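The listed protein sequences correspond, in order, to chains A and B. Heads up, the numbering used here is the position in the first sequence plus 14, with the first residue counted as 1. Heads up, the numbering used here is the position in the second sequence plus 87, with the first residue counted as 1.
By construction, these hints were calculated from the structure, which means they are not laboratory data. Model, not experiment: these values are computed from the prediction. Each residue gets a CB set at the ideal place from its N, CA and C atoms; glycine is no exception. Do not rely on the hints blindly, as some may be mistaken.
Claimed, not checked - The calculated DSBU-like cross-link candidates involving lysine-lysine, where the alpha carbons are at most 35 Å apart (straight line), are:
1. B:K138 <-> B:K190
2. A:K166 <-> B:K185
3. B:K226 <-> A:K166
4. B:K138 <-> A:K81
5. B:K136 <-> B:K168
6. A:K334 <-> B:K226
7. B:K131 <-> A:K372
8. A:K321 <-> A:K334
9. A:K372 <-> B:K190
10. A:K334 <-> B:K185
11. A:K70 <-> B:K226
12. A:K70 <-> B:K131
13. A:K166 <-> B:K131
14. B:K136 <-> A:K81
15. B:K131 <-> B:K168
16. A:K369 <-> B:K138
17. A:K321 <-> A:K81
18. B:K185 <-> A:K81
19. A:K166 <-> B:K136
20. A:K54 <-> B:K185
21. B:K185 <-> B:K168
22. A:K54 <-> A:K70
Stated by the list, open to error - Selected chain A positions facing chain B (in silico; Cβ < 7 Å):
23. N42
24. T141
25. S356
26. T357
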Amino acid sequence: MRTRKYWAPSLLAMAIASPAMASDLNVNGFMSVGASMLDKDNGTEVAGADNQGGFKQDTILGLQVSKQVNDSTSITGQLVSRGSDDYATEAAWAFVTYAVNDELDLRMGRLRIPAFYYSDFLEVGYTYNSIRPAEEVYRLPFSSVDGIDITKRFSSGNVDGSVQFYYGRYIGDFSNSGSTYDADFRNLTGISLTTNMGDFGGRISYNQAELNLQGDPPAGSDLALGILGAQALAGSTDAAEDFNITGQTSQFIAAALTYDNGTYSALAEWTALNQETDLLMDDQAWLVSVATRMGEFTPHITYSTQKDEYESGRVGQIQKQLGLATEESSITVGVRYDYDSSTALKFEIQNHDEKTIKSADGDSATLYSVAVDLVF
Amino acid sequence: MKLFKHSCSALLITMASSIAFADTSVIVSASNPNSTMDENTVSKIFLGKSKSFPDGSQALPVDQDEGSAVRESFNTTVLGKSDSQLKSYWSRLIFTGKGTPPKQSGTDADIKSLVANNPNIIGYIDSSAVDGTVKVVHKF
């Protein structure tokens, strides 16, 4: 009885304050289930799919738990299990947020690198129209950083936005042309600026990383063969020095423009990679996408393209002989159907054209995909 | 012709009264010092872009339950977004730990009593449910 008396007032206070208090444990999740099939059996691979059909590549499950620990501190953890990764579960996000004030947040832990427009919600298919972001543009082989970031929000009149600065390190898998390496990317840092003004939005980001592999690339892997090949072609180890990876810096920049008036929406995003090592190609990639909402249906079309750029002179010739360059583009046409306010069904057709692959002529193929995206 | 005029005016009256009844009021506690707010201010608070009232005190928005007609009209009129668009907007923030949507806290009566008892809470209800315990800061 005593205990009950003791608890009653605080329970009442909680009941009154509960909608205002964010101190409950928030559990949210998202899921995408997809199936895709390629029309050709010519070795071309689009979005990890082949002509045998599959349910695995676009299937993903995410669970997020967050809790406001006190007035200024909250914790967030997000576990993601990806079909493309044999359903291995990984912490995509795991961080503590300290709100300095209403406009300034400090975060520490595992964060998403804010490289692209879709980076923050890359895996939450429900938040965009297509089944997956255009592969040609969304091509970075890793997306997380362990470190800190600072986000400053601003708002005045009908303009609002944020500036985000991050610094950290990435230790984990790094996949490049079919092989996986143990990466230790250091001094991973960047800044991004996002603004919205009425129906228009804009975003720019600059990112850089010092490349480092843990140990030598495995014998027979593309990078190991590439270094050996470059040494043979250049005539000596010294002459091929610029083909080494360790300690070399890579830069990535992106700029995006968005428009959304409720009925029509558009996104244009341009990106460029500048690699100090000559073993990885510099490139540019961009996309343009438009969509229109017609009730529950949202048809959309996207053009996306990527092109590697050879270095000048002898280095470029070696890159060509090593077969490093790719040039490809896709046209994707699809429709999203909002079944209810947390479920979307999607269907799309992607015509993928590989103009150049491994510095030789490529092929083209068409990919058919369906997916169901949910948030809960 | 007379009949036509009659039915026309009857129709107009019906329309006018239904519009009057469908009025939605954005409300704060009677003890909240803020007076009127424009649509943009209300929208920013409900989209999590602004965390305080014009006088600087903390603002805590609460939503009506999903499926309520008042919520629908608030979303389309003030926020300019459909249910799915809004869900998409919040999903982008939820899964990056950058924000959580206003809590779904019932219908007119529930919202009114929450708002009346806490000067930091802001909600919206059908205008016909407004009484002296709350203050209307915006109406549409």
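Taking the earlier hints as the rules, which of them does this structure contradict? 6, 7, 9, 10, 11, 12, 16, 17, 20, 26
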